[in-house]
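Protein chains in written order, with the working numbering: chain A, 1 to 530; chain B, 1 to 388.
Please keep in mind that the hints were generated in silico from the structure rather than gathered at the bench. What you are looking at is a predicted structure, and each value in this text was computed from that prediction instead of being measured. It is possible that part of the hints are untrue.
To be verified - The list that follows gives simulated cross-link-like pairs (lysine to any residue, SDA-like), each with its CA atoms no further than 20 Å apart:
#1 B:Lys-165 <-> A:Val-440
#2 B:Lys-168 <-> A:Glu-466
#3 A:Lys-346 <-> B:Tyr-74
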Amino acid sequence: MSTTTVAHHEEHSDHPTGIIRWLTTTNHKDIGTMYLTFSLIMFLVGGSMILGIRAELFKPGLQLMNPDFFNQLIGVHALIMIFAALMPAATGFANWMIPLQIGAPDMALPRLNNWGFWLLPPSAILLTLPFTLALFGIGDGALATGWTFYPPLSVQGGIGVDFAIFAVHLLGISSVMGSINIIVTLFNMRAPGMTLMKMPMFAWGWLITAFLLVATIPVLAGAVTMLLTDRHFGTHFFDAAGGGDPIMFQHLFWFFGHPEVYILLLPVWGFIPQILQTFSRKPMYGYKAQVYSLWAIGALAVVVWAHHFFTAGMPVPALLYFMYSTMAISLPLAVLFFCWIKTMWKGSMTFETPMLFAVGWIILFGIGGLTGLVLADVAADAQYHNSYFVVAHFHYTLFAGGIMGIMAGVYYWLPKMTGHMYNEKLGKLHFWLTAISFNVTFIPQFFVGLAGMPRRIPDYALQFAEFNMISTIGAFILGLSQLLFVYNIISCARGGQKATDKVWEGAEGLEWTLPSPPPYHSFNEQPVIK
Amino acid sequence: MQVFKKIGVGLAALLASLNVYADYSWNFPEPVTPMALDTLHVHNKFMIITAIIFFAVLAIMIYSIFAHRKSKGYKAVADKAPSTAVEIFWTLIPFAILLLIDFVIMGIPAYHSVVMMEDTRDQSNMVIKITGSQWRWQYEYLDGDAKGIKFVSNLVTTDDQLHNKAEKGEHYLLEVDNPLVLPVGEKVRILMTASDVLHNWWVPQFGSSRVAVPGFIRETWVQVEKAGTYRGQCKELCGKGHGYMPVVVNAVPMEEYKVWVAKKQEEQKAASEVKEMTKEDLVAQGKTVYEKNCAVCHQVTGAGLPPAFPALTGSKIATGPIFGADGKYLKDSHLDRLLNGKGVMPAWKATLNDTEIAAVITYERQALGNAATVDPIVQPTQVKAARE
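Using the sequences plus the hints, can you model the full thing?
Quick look at the structure:
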């Protein structure tokens, strides 16, 4: 920074107001807020899409939509939830909290940060525009291939596939930029005395996520670009008639797709231990063991991809390798679970909303993890694959493990970010409604999956009717109870009981040494860690 | 609390009432092949182990949640500054437990299952080829007495049932016109491929599921050990008809199978004989073929679902010329499109026989609001000639 800014220290807080502030901002807190807001909006958009699907599946027969529109909804729901709701939420927390947690004045690359965010709205538009265009008779709607883009179906598809490919490109660029920013920030801007092994766990989770993103997003970008040239420029990467192989796309896609699961989860594994230690009023157990486990999972994440398509046909040695390597992920994960529970053990626990979400998260994510272990078994996977069992499994990992984790983070840090306490009663109600209706939605899906209901079908045989009906009822309660969440956030941002600097009795860490809300520019003088 | 009690009682009553008439299935359906039996065992064993882990850990957590509360005055007991050795010891316990489960208790049986699943050739008595296409399965017998038997298996659930205009039958969405017939007790090697996009041939009671990849052959096997009718579905998203391509397999005793083979060979021979037909006969047979194969996209009325699936009524292709001056069919003519397909339109030459193609073309030209004057009808002989 130039020397003049030091002289005019106070004026430094001046910034444009209104829309220009948000368009041009390079402030990590502003950008973090925008990421989180964007994520919340897209969460509601993706959620209402799935309610359309659950309504259609309420009973057998076609009631609300034709099968083609159904296929569009499932794919776009997944892309929105993964790329436009979960990932931006984690990036939003990173922007807000990483500088505060490591004692840095801002992110290392603020302009890149601004651009990283502003790529998101255009890509959200690209994802959703085909629906609108179809209303005017242009194209045939959004991509109808599921979020996985498998060729040859995606080569056959309409203009919606091209829209989705470009949306994924933009989202990918945004993620890689965000990741580079986080890596640079964490390596260069830690407060004096904060060695890597003293970094907050959230920073560790994000550091590994960032490396995974930088390693795998380019592979996804390459794969969808090959798809684009197959569609329009006569190449045959994925067409056997021209010497290509449709299954090669699956290898490329899941080389990104499996690490993506950990990309979504590692930031959550970072801050959940922080929440647990805050509300257990004792330091987290096994810091080192957790850090090493995170690294082990990050490393295993890129070598297990083919378990997503065991049934596509592979040589026996490949099947065995991918089965055993997938099972190996449970080893570091077991260590993490042990450390989380040991952190709670003999603490002095209270159960405010963030803690409720964190504890519920451990249990539900545990179900996701254990069913994942079962899915790794090649023989049994022949039955589970592409059935509703898988749908239930990955919603336990990504809704419970991802989104409910993010909710814990929102309640944990919201008082710090806004300076007001949220409504505790509403928060608790939101937790109980979410946790219960989530299980009502997805437990029946395990059973219909085992009984033989494939995923991605708009209509089903009569034997699956009762469970689907229960699932739909659960989904609607789940969806509607999120309105409480939105209301609670908005009213908390607008006012309410003042939050103290420390907010929570047991909170530890640099972010809790600042006022709530923190000033526009924080840590103008670097704190020193002893 | 009163409210919660009421809701609880209500929910319990609701669940109980459902239970009365619902034939719930909580696990895999009854296995009828060695592979499915093996899969069920692996699954049950694994489920029990994971359930034990889950409830043990849950119990510890719940104990802690109730015992170590601030509201009960419990003071936090800081973990003793963990000597590294102790920390390593404790964290290695869960590691070791999982190591044992993953690679010994589950890992060893899983190895045997994989080897068994992939062994398609040992002692296999017959070979069939299954081709997935949008949105039907085609079966072909490749050896033995049944060699040459080839047929297509279509969904027969009516449109009215799909749209809730008629009562749904017992096997709603899981019923076909020509089921695959297999002899009981024989190991059948299955070669799998597809003609357009990925499909996945799956019968839950067989425990085998394999993706059909266009341009490649994949293998699997079944050995049905109990006579009966088994139903399954495609389980790889393959477009708008994905939910409408069921698999139905009739497993019958060997004698019955032999009778069926003889009958089927006969039928097939009769159908392949090509003769001149009248316009009325062609239109009548064409209607059946059309409604079974074409109406999914082009609709029963011929109105199509533009822009993806064009209307046939008034279509240039369906009313324009087919044969050139030399008697050969023109490129992009009605016959060309049916035989060879284009884009989303599949090629039908491998699926339909000469008579069926001639009939459906004639039907499309003389019904659905069309009355073509150029090449008004097509004869099976012309289709046969066109193929050569």
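Each hint, compared with the structure:
1. B:Lys-165 <-> A:Val-440: Distance ~30 Å between Lys-165 (chain B) and Val-440 (chain A) Cα, so the pair is violated.
2. B:Lys-168 <-> A:Glu-466: Satisfied, since the Cα-Cα distance of roughly 15 Å is no more than 20 Å.
3. A:Lys-346 <-> B:Tyr-74: holds (8 Å)
In summary, the one numbered hint that this structure violates is 1.
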